[in-house]
Amino acid sequence: MVFVRVGLGDVYANQWSLLADVARKFAGSRARIDQQQNIVCRWVLNESLYDIYQALGTIGFSAGGRETIRDVVACPGMDSYKLGITSSMDLNKALGETLGGMGDLDQLVEKMHIKTSVCPKSCGQHHIASIGFHGAVVKGPGGQDPHTSCSLVDVQLSPWDKG
Numbered sequence: 005m006v007f008v009r010v011g012l013g014d015v016y017a018n019q020w021s022l023l024a025d026v027a028r029k030f031a032g033s034r035a036r037i038d039q040q041q042n043i044v045c046r047w048v049l050n051e052s053l054y055d056i057y058q059a060l061g062t063i064g065f066s067a068g069g070r071e072t073i074r075d076v077v078a079c080p081g082m083d084s085y086k087l088g089i090t091s092s093m094d095l096n097k098a099l100g101e102t103l104g105g106m107g108d109l110d111q112l113v114e115k116m117h118i119k120t121s122v123c124p125k126s127c128g129q130h131h132i133a134s135i136g137f138h139g140a141v142v143k144g145p146g147g148q149d150p151h152t153s154c155s156l157v158d159v160q161l162s163p164w165d166k167g
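Just so we're aligned, residue 5 is where the sequence shown starts under this note's numbering, counting upward by one.
The hints are simulated quantities; they were obtained by calculation from the structure and are not laboratory data. Heads up, some of the hints might be wrong.
[Claimed, not checked] Here are the simulated DSSO-like pairs of lysine-lysine, each with C-alpha atoms no more than 30 Å apart in a straight line: (1) Lys143 x Lys97; (2) Lys115 x Lys97; (3) Lys125 x Lys97; (4) Lys143 x Lys115; (5) Lys86 x Lys143; (6) Lys97 x Lys86; (7) Lys125 x Lys86; (8) Lys115 x Lys125.
[Unchecked claim] Here are the in silico distance ranges between beta carbons for each label pair: (9) Tyr16 x Ser52: 21 to 29 Å; (10) Arg28 x Arg70: 32 to 40 Å; (11) Val113 x Pro145: 33 to 41 Å; (12) Leu49 x Ser21: 47 to 55 Å; (13) Gly146 x Arg70: 41 to 49 Å; (14) Gly144 x Asp25: 47 to 55 Å.
All of these numbers come straight from a predicted model, not from anything done at the bench. Note that beta-carbon positions come from the ideal geometry of N, C-alpha and C, so glycine has one too.
With these hints in hand, go ahead and build the complete structure from the sequences.
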């Protein structure tokens, strides 16, 4: 299987047909989106790994970091959800840019996950993340104001995890 990190969880219209071509050529015409908003291509032959990597790179899918802190999951947010309180996609973009420029990180930090939701309903799975953000409303002097709430979870490696 080939797992492909999709930055910001976005696949653009011009990338879909190219992605379909890659799936037809290397993955038995099948590609799936996983729960982490990444692409999974099954049935890729070992001798095709370099070629599929090159093909995915030409359409913008060669970034590493899948299942690391840089692989931020976000719900679509106010872009598509009328009851959204905050913009998870803007937060996702800012987090991605910040983390992308940090270079090598500590092993424990790399294993953490960040997830964002625009409201407490949890489509972005913020409640199961190492660092979770969700939209909230706070009463202010002029009424209600949108805010982002952050939750942190203790992250530990298993004693047998060599990393």
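Taking the hints in turn, this is what the structure says about them:
no., hint, verdict
1, Lys143 x Lys97, "27 Å, holds"
2, Lys115 x Lys97, "20 Å, holds"
3, Lys125 x Lys97, "21 Å, holds"
4, Lys143 x Lys115, "36 Å, violated"
5, Lys86 x Lys143, "20 Å, holds"
6, Lys97 x Lys86, "20 Å, holds"
7, Lys125 x Lys86, "13 Å, holds"
8, Lys115 x Lys125, "25 Å, holds"
9, Tyr16 x Ser52: 21 to 29 Å, "25 Å, holds"
10, Arg28 x Arg70: 32 to 40 Å, "22 Å, violated"
11, Val113 x Pro145: 33 to 41 Å, "38 Å, holds"
12, Leu49 x Ser21: 47 to 55 Å, "23 Å, violated"
13, Gly146 x Arg70: 41 to 49 Å, "43 Å, holds"
14, Gly144 x Asp25: 47 to 55 Å, "51 Å, holds"
When each numbered hint is compared with the structure, violations occur for hints 4, 10 and 12.
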